[in-house]
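Assembly of the complex is requested from the two constituent chains, each provided in isolation within its own frame, with the hints serving as guidance.
Residue numbers (numbering that gives the first Met the number 0), protein chains in the order written: chain A, 0 to 289; chain B, 0 to 139.
Some clues are possibly wrong.
[To be verified] Taking lysine to aspartate or glutamate pairs in the DMTMM-like style, the calculated list, with each CA pair at most 25 Å apart, reads: (1) B:Lys46 with A:Glu218; (2) B:Lys3 with A:Glu46; (3) A:Lys73 with A:Asp153; (4) B:Lys12 with A:Asp249; (5) B:Lys3 with A:Glu210.
The hints are simulated quantities; they were obtained by calculation from the structure and are not laboratory data.
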Amino acid sequence: MPSLKDVKTKIGGVKKTSQITKAMNMVAAAKLRGAQQKMEDFRSYAEKFNAAMGNLSSAMDSGAFPLMEKREVKTVEILVVTSDRGLCGSFNANILKMTEKMIARLEAEGKKVSLVCVGKKSASYFRKTGKVRQRHVDLMGTFQMFNARAIAQDIAGNFLSGDSDEVRIVYGKFHSVAVQRPAEQMFLPIQPSAVAAAEAPAAASGAYIYEPSTEEIMEVLLPLYMNVMVYHAMLEVSASEHAARMTAMDNATSACKDIIHSLTLIYNKARQAGITAELMDIVGGAEALK
Amino acid sequence: MAEKLKLEVVTPKGAIVSKEVDIVTAPGYGGEFGVLANHAPFLSTIKIGVLTYKIGAQEETLMVSGGFCEVSNNKLTFLVESAERGADIDVDRAMRAKERAEKRLAEAQAQKEKLDRTRAEAALQRALSRLKVAERRKPS
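In isolation and in its complexed conformation, chain B is listed as follows (with noise of 0.2 Å):
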């Protein structure tokens, strides 16, 4: 087996995750980027959407929101606002949120409202996160 990398996600309601991993994936600010062991010293912000890392052929998840990564001496830490993790999520209430972050963006748009867009956009992306993480957890 290669090297490993050690990952760590934390919020300010600590530690989530804290493993050694082979592969990471997680939503960088020029879009989805990849890390493996060696990478390069790397700092990156972090938007709302899906973490995904592997250890060996076994795949897990995470919904993140804001914030921002750093990688250096094979080690990956991930300090964002908040993360959930699949069996964590409530499908209905993401459901929901997604549904009203909708109705709100189009009500903000018709009235070209900058902040109220930028807020409504930011619960539609955190909400359909939940749901592709929540997705994936199923066993279908």
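Excised from the complex, chain A in its bound form (with noise of 0.2 Å):
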């Protein structure tokens, strides 16, 4: 049986513990709020965006770009988009453990793997496999559009320069403040069937005039498409980090809740037990005086 006094300080301890879950909770529902909105601000712009996309590659023929040309496919590159901090569940692990699987395959049918790290996690956790070709740490805080441009501008280059023949996106995705799973995307060659495919209804309206070229348009598009899937990747990412740290901390607290009760539960036995005992004490010592 514990000592009283121990069982005191383990209660006190639990104590501040709850506290600061508590308080973490409250900072990552806060912060996810604000993720949630440049999310929603983000999406019109994404849709037009998508949309535009739509009606040109209708309009245009494909496979004269270097970033649509599909290669014989010998070393992926992946893109894994993490957090910066933990504390947040499994939802890094989650996505860490998707990665591994897909690296796993790939090396299997003999396919060589680079990795792209953005986020402290994914940068840490992959660093000793040295397949880690360019990480992007310390951003997920207060990213912008250029963050994203930077990323997208690097993959970019490794591609059309060969390093890399196709490349791929790992993310948590956002689903609802309860639920973020990892989730996979193409991302280079860029396939003009799947964004046309998108957005076919929002198409038609007849014969566009295109100032330049749909051929020179398409080569300022293509990049800033990059840019938009990788800005949208990296929002993702953040507002499911918090929604994930906004419910880990809740079980945190309350599992500290738990603890502290059955903590104060074997106090209060030990309290009573102490005080029997001195009870019996005195009646003895009452008795043989007798």
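Printed below as a string of structure tokens:
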């Protein structure tokens, strides 16, 4: 049986922990609101962008652009987007597990794999594998479009120089505040069919005048499309991260409550046993004096 | 009053403008272009510069940076990386940015660094358009 004082100290400690987890829960909730807002603001941009891309790709002959060129796949690059910080449940672990599986599968097919890590968690997890080509850390807190652009440009450069023949993205998709799942997406080569299929109904309304030519517009739009994809993945991850942390910290707080409850029970039992023992002593002493 | 155009300026940070307007002038790929109601379907890339639109006699200006625009069915949609109203522009900061960009441009030209040069040029363009928009805003 632990002594009274030990139990009391332990209760104090757990209480402190629950204060911290509660605070983190509230911070995550506030940040989640911001991240979700950012995602919503971006949605209209992304939708309009996709519509325009759909219009355009239905009007031009694909295959003329290096970013859309399909090659024999020897090296696959994976863009892994995770959060910078932990303490958000299994969120990052799920993404990393999915990536691991993907790497194993690709390597079994005899393909080489290189990684571009966004977020400290993926960067440190894959550091020792020696597959990490590029890492972008400490930007998940305050990233902007230009961060996404830098990443996209780097990946495009690598793809165009032939060092990678295919690029995929693995990230945490935000389904709801309670559900975040890792997701994978083809990134490069850009598939016009996927773009066009998504926006087929929005197309039509006759022939457009293009200025400059469709080809030149595409040359501007394709890199932009990459930015949009990367930015989108980052937004999803940051919203998911905060949602996951909120849930994790909520669970931790209620676990703390349970522990405090059972510890208090132990404490009271020990206290009562002490009092009983003392009473017995006194009664015993009084009996002896008679 | 003639027919109106629906103008939308959308950035990754959300819609900046969504209004019925009479005429829009924008910095297109091949130079400035104007759009009135019933324009033919049209798609162009947008350079860094000043976008102007008129509602009646009232004229408004925006600083826009690279992107593209689409015109169809009297709807004009600008998708740009950023757009700023005159009131939101920090003139001092734009001034400093202009000077910095000019300096960097000179350095890049001296060293014949192509990448630095394009970057500095873009920065200079942005600063200049910001100043232009801010100036028009001022009731002189």
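Hints versus structure:
no., hint, verdict
1, B:Lys46 with A:Glu218, "holds, 14 Å"
2, B:Lys3 with A:Glu46, "holds, 24 Å"
3, A:Lys73 with A:Asp153, "holds, 19 Å"
4, B:Lys12 with A:Asp249, "violated, 30 Å"
5, B:Lys3 with A:Glu210, "holds, 23 Å"
Violated hint for the displayed structure: number 4, the only one.
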